[in-house]
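Engineer: Given next are the chains, with one letter for each unit.
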Amino acid sequence: MNRRYRRTLAVLAMVLTASFLLAVAVGAVWISPWATVRLLAWKLHLTARPHGVPRSTEVILFQLRLPRVVLAGVVGAALAASGAVFQGLFRNPLADPAIIGVSSGAALGAVAVIVFLGSGALGAFGVPLAAFAGALLTALVVYRLARIGPAVHVATLLLAGIAVAAVISSVMSLVMSFSGDQVRDIYAWLLGGLVGQGWSSIEAVMPLVAAGVIAAGLTAHDLNLMALGEERAAQLGVEVGALKRRAVAIGALLAACAVSVAGVIGFVGLMTPHLLRLVVGADHRRLLPAVLLAGPTILILADLVARTVLAPQELPVGVVTALLGGPFFLFLLRREGRRARAVG
Amino acid sequence: MRSGEPALVLDSVTAGYRDVPVLRGVGLQVRRGEVVGLVGPNGSGKTTVVRVASRALRPRSGSVLVAGRDPYAVPAREAARLAAVVPQDLTPAFSFTSLEMVLMGRTPYLSPWGGGGPEDWARARDAMVATSVQHLADRWIEELSGGERRRVVLAQALAQGAPVLLLDEPTTHLDIRHVLDLLRIVRSLAERRGTAVLAILHDLNLAAATCDRLVVLHRGEVVAEGVPDRVVTRGLLRDVYEVELDVVTDELTGRPSVRLGGWRPAGGGHGRRAHVVGGAGRGAPLIRRLAEAGFDVSVGVLHASDTDAVVAERLNLLRVSVPPFSEIDPDSAREARRLMLEAELVLVCDAPYGPGNLENLRLALEVARSGVRTVLLEQVPIAERDFTGGRATELWSALREIAEVVAGYEELAVG
Numbered sequence: 001m002n003r004r005y006r007r008t009l010a011v012l013a014m015v016l017t018a019s020f021l022l023a024v025a026v027g028a029v030w031i032s033p034w035a036t037v038r039l040l041a042w043k044l045h046l047t048a049r050p051h052g053v054p055r056s057t058e059v060i061l062f063q064l065r066l067p068r069v070v071l072a073g074v075v076g077a078a079l080a081a082s083g084a085v086f087q088g089l090f091r092n093p094l095a096d097p098a099i100i101g102v103s104s105g106a107a108l109g110a111v112a113v114i115v116f117l118g119s120g121a122l123g124a125f126g127v128p129l130a131a132f133a134g135a136l137l138t139a140l141v142v143y144r145l146a147r148i149g150p151a152v153h154v155a156t157l158l159l160a161g162i163a164v165a166a167v168i169s170s171v172m173s174l175v176m177s178f179s180g181d182q183v184r185d186i187y188a189w190l191l192g193g194l195v196g197q198g199w200s201s202i203e204a205v206m207p208l209v210a211a212g213v214i215a216a217g218l219t220a221h222d223l224n225l226m227a228l229g230e231e232r233a234a235q236l237g238v239e240v241g242a243l244k245r246r247a248v249a250i251g252a253l254l255a256a257c258a259v260s261v262a263g264v265i266g267f268v269g270l271m272t273p274h275l276l277r278l279v280v281g282a283d284h285r286r287l288l289p290a291v292l293l294a295g296p297t298i299l300i301l302a303d304l305v306a307r308t309v310l311a312p313q314e315l316p317v318g319v320v321t322a323l324l325g326g327p328f329f330l331f332l333l334r335r336e337g338r339r340a341r342a343v344g
Numbered sequence: 001m002r003s004g005e006p007a008l009v010l011d012s013v014t015a016g017y018r019d020v021p022v023l024r025g026v027g028l029q030v031r032r033g034e035v036v037g038l039v040g041p042n043g044s045g046k047t048t049v050v051r052v053a054s055r056a057l058r059p060r061s062g063s064v065l066v067a068g069r070d071p072y073a074v075p076a077r078e079a080a081r082l083a084a085v086v087p088q089d090l091t092p093a094f095s096f097t098s099l100e101m102v103l104m105g106r107t108p109y110l111s112p113w114g115g116g117g118p119e120d121w122a123r124a125r126d127a128m129v130a131t132s133v134q135h136l137a138d139r140w141i142e143e144l145s146g147g148e149r150r151r152v153v154l155a156q157a158l159a160q161g162a163p164v165l166l167l168d169e170p171t172t173h174l175d176i177r178h179v180l181d182l183l184r185i186v187r188s189l190a191e192r193r194g195t196a197v198l199a200i201l202h203d204l205n206l207a208a209a210t211c212d213r214l215v216v217l218h219r220g221e222v223v224a225e226g227v228p229d230r231v232v233t234r235g236l237l238r239d240v241y242e243v244e245l246d247v248v249t250d251e252l253t254g255r256p257s258v259r260l261g262g263w264r265p266a267g268g269g270h271g272r273r274a275h276v277v278g279g280a281g282r283g284a285p286l287i288r289r290l291a292e293a294g295f296d297v298s299v300g301v302l303h304a305s306d307t308d309a310v311v312a313e314r315l316n317l318l319r320v321s322v323p324p325f326s327e328i329d330p331d332s333a334r335e336a337r338r339l340m341l342e343a344e345l346v347l348v349c350d351a352p353y354g355p356g357n358l359e360n361l362r363l364a365l366e367v368a369r370s371g372v373r374t375v376l377l378e379q380v381p382i383a384e385r386d387f388t389g390g391r392a393t394e395l396w397s398a399l400r401e402i403a404e405v406v407a408g409y410e411e412l413a414v415g
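Chains A and B supply the protein sequences, listed in that same order. No gaps in the numbering here: position 192 of the first sequence is 192 in the numbering used here, and each next residue is one more. No gaps in the numbering here: position 371 of the second sequence is 371 in the numbering used here, and each next residue is one more.
Any given hint might turn out to be false.
A short list of chain A residues far from chain B (calculated; beta carbon distances all over 10 Å) [claimed, not checked]:
(1) L117
(2) L228
(3) G229
(4) Q235
(5) G237
(6) V240
(7) V319
(8) L323
Below 25 Å or equal to it, Euclidean Cα-Cα: the simulated SDA-like pairs (lysine to any residue) are [stated by the list, open to error]:
(9) A:K244 with A:V175
(10) A:K244 with B:V74
(11) A:K244 with A:E230
(12) A:K244 with B:R18
Restraint ranges, calculated between C-beta atoms of paired labels, are given here [unchecked claim]:
(13) B:R187 with A:F331: 42 to 52 Å
(14) B:E143 with A:P54: 55 to 65 Å
(15) B:R177 with A:F331: 38 to 48 Å
(16) B:D19 with A:V183: 47 to 57 Å
(17) B:T14 with A:R335: 40 to 50 Å
(18) B:G117 with A:R335: 29 to 39 Å
(19) A:I214 with B:D19: 38 to 48 Å
(20) B:E143 with A:Y187: 42 to 52 Å
(21) B:W121 with A:K43: 38 to 48 Å
(22) B:P41 with A:T156: 57 to 67 Å
(23) A:A210 with B:I176: 52 to 62 Å
(24) A:G326 with B:N42: 21 to 31 Å
(25) B:R177 with A:I148: 32 to 42 Å
Source of the hints: derived by calculation from the structure; they are not laboratory data. Heads up, the beta-carbon is just placed ideally off N, CA and C, and yes, glycines get one too.
Bound-form chain A, shown alone (with noise of 0.2 Å):
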């Protein structure tokens, strides 16, 4: 089980090192990932400068490619974590940050600190924190509204989500209104986009990224126990509701994280720890790792589609994850009432 579990994580770091050679690749200019290798390795100290690699070509890769697909990586990862978490919190798999209006909380601060501010306004992390303010509060309110007593109910968190996710687009349309110029870059973001990013953006949000996925790490063990039911956790020695707090605290942040970047991508979180948990079972200590692996393999592919299917043009990434995520989050739903007729 263990070698099995071993394996796939190899598996799943080599498709990943593929995908990212693949997509930095592609373009407008073709380069071979023998190129790519070399520029890294000597941009890491390890080399020196390689021979018969133009200049342009160097630019083009550390200005243009790598910041985006390096990007898509990490958005990637923190959707997917967020997904995890989420999905381990409400013992459902069908969580997931836009799903449950997260990402639109999250959206809508990140929107409101850009319009009435500027986005430079609180330096760096100005939008990053701003979005997880909003997530944090979304995720408060639809947790509230969806909770009936002890318990969260499947059928009440997708609804208090919708309904959530309705006002914040409301608002967010007012609050675009006052935006005048920038309307179209804002919508265009919230569709989900990596353009145009560049190292800083990165720079943002990687720390908060990785302070999510370690607290994502700790609280994996007790996410595990979420699955018998708040009663069995409790009794098997879990502080349930700090343990909630935590959960819903780690997975608006994760979210934040994404959307502040590259606006709100649908379906990364709800399908990647859904398919990794087919692989290598429930257990979150198990699936995190995975699923970091998987996530930014899923959205640099994601990526690499929407920039080369209508070339020159660009799709937004969101929506090549909604055309694969919708079919997928609609199997799922007919697979979970099956299950729950079954059950009940």
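Based on the hints, put chain B in the right spot on chain A.
Structural biologist: Chain B only, in chain A's frame:
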């Protein structure tokens, strides 16, 4: 702690949900190495006792001590080292293997970083061996049968290594083999490790046969407590469960055993009385059916060892009986006549009639003539069961003229 010391103590615990008190001043003790059964009707508060003891529901007043500590005064982790709960059933939201499930029982000992050290693995393995699920370690929990899954959940609780084990209806949905298996495991734990066990059990016979002591809960209060044969009595069944049932002593175990045949709701009848004149077991089926239909049934006159008399005694019916092989004495006859005259219905069975019970037919004829509805049950002709040289036949014929005649209970209109 040594064996025999109290490991779980509830003292005048009052607890409930919102404004509804479920437990009112409940006190109970479970000592080390002791298996105590918690019984009582549905809604009597049994599960609430387990929730109070397992730190899930803080009592409004009174005290809870688990292994000498107040579980509400320590963190969840520590409380989970004091008492382990075996829930009714467990269906995880996601797929885990049996081993992963059992390892979760080690949660109160894990650091947030670690996946469990060698000791945790060893304890988990031990628990799985104790419940005979070690061969299922790598199987997904939802692939297991109900009995296997329950044993995995039991192993999860055992892995906690707690001195107190609380079982919340551990046997529901299990077949008899798995029920006995599970209780055998629990019993051996109590004996080997001195675990104090409190088990909610619905089946009184099971509880009486397997527990050292029983605690009976009724409407949130402890109404009886002690060794099974002091607790499981007709009086308990009547007062707490509101059924009239017979309790006998099992020859094999020496434990009390509830006889489930011929039950009737206590005080639940409609107050109408039927009198059965039986004998030689011919009355027994009728007596049962009438009792189940809600009649107060009286019988007589019977000979004391007659099957009908035994049934009447078991059902605690009004009855007139005389010693075996004796004739009916005038006092008994007078008593029987009174019962018949006051009854709504007199049923005369097709028993064999001899000198010992001929008086019954005379009484029946007299009562029938005075206008009480009388029904003869006749499946066997009187000629074949007349051992009086014709006197019984005469009386029977006279009865036939004024009474209804039926061939069985089904034909009897008692609406």
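Engineer: Hint by hint, note whether the structure agrees.
Structural biologist: How the hints compare with the structure:
1. The non-interface label for L117 of chain A is consistent with chain B: the shortest C-beta to C-beta separation is roughly 38 Å, beyond 10 Å.
2. Listed as outside the interface, L228 of chain A is inconsistent with that label: its C-beta sits roughly 5 Å from the nearest C-beta of chain B, within the 10 Å cut-off.
3. The claim that G229 of chain A is not at the interface with chain B is violated, since a C-beta of that chain comes within 10 Å of its own (minimum 8 Å).
4. Taking the minimum C-beta to C-beta distance to chain B, about 5 Å, the non-interface status of Q235 of chain A is violated against the 10 Å cut.
5. Its closest Cβ contact with chain B, about 3 Å, brings G237 of chain A to no more than 10 Å, contrary to its assignment away from the interface.
6. Its closest Cβ contact with chain B, about 8 Å, brings V240 of chain A to no more than 10 Å, contrary to its assignment away from the interface.
7. Non-interface status of V319 of chain A relative to chain B is upheld: no Cβ of that chain comes within 10 Å, the nearest being about 30 Å off.
8. For L323 of chain A, the non-interface assignment is confirmed: its Cβ lies about 27 Å from the closest Cβ of chain B, beyond the 10 Å cut-off.
9. As the CA atoms of K244 of chain A and V175 of chain A are separated by approximately 31 Å, the hinted pair breaks the 25 Å bound.
10. About 19 Å separates the Cα atoms of K244 of chain A and V74 of chain B, which keeps this hinted pair within 25 Å; it holds.
11. Of the supplied pair hints, the one linking K244 of chain A and E230 of chain A holds, its CA atoms being roughly 10 Å apart against a limit of 25 Å.
12. Taking the CA atoms of K244 of chain A and R18 of chain B, the gap is about 23 Å. The hint holds against a cut of 25 Å.
13. Hint check: R187 of chain B to F331 of chain A, Cβ distance near 48 Å, so the stated range 42 to 52 Å holds.
14. Taken as a hint, the range 55 to 65 Å holds for the pair E143 of chain B and P54 of chain A, whose Cβ atoms sit roughly 58 Å apart.
15. Between R177 of chain B and F331 of chain A the C-beta distance comes to about 40 Å, which sits within the given range of 38 to 48 Å.
16. D19 of chain B and V183 of chain A have their C-beta atoms about 54 Å apart, which keeps the hinted 47 to 57 Å range intact.
17. A beta carbon spacing of about 46 Å between T14 of chain B and R335 of chain A agrees with the range 40 to 50 Å that was offered as a hint.
18. In this structure the supplied range 29 to 39 Å holds for G117 of chain B paired with R335 of chain A, their Cβ-Cβ distance being about 38 Å.
19. For the pair I214 of chain A and D19 of chain B, the beta carbons lie near 45 Å from each other, so the given range of 38 to 48 Å is met.
20. The hint said 42 to 52 Å for the Cβ distance between E143 of chain B and Y187 of chain A, and at roughly 49 Å that hint holds.
21. Look at W121 of chain B against K43 of chain A: about 44 Å separates their beta carbons, and that is inside 38 to 48 Å.
22. Between P41 of chain B and T156 of chain A the beta carbon distance is about 33 Å. The supplied range of 57 to 67 Å is therefore violated.
23. Here the CB-CB span from A210 of chain A to I176 of chain B is close to 56 Å, well matched to the stated 52 to 62 Å.
24. A hinted range of 21 to 31 Å is violated for the C-beta pair G326 of chain A and N42 of chain B, which are about 46 Å apart.
25. For the hinted restraint 32 to 42 Å between R177 of chain B and I148 of chain A, the CB-CB distance of approximately 40 Å keeps it satisfied.
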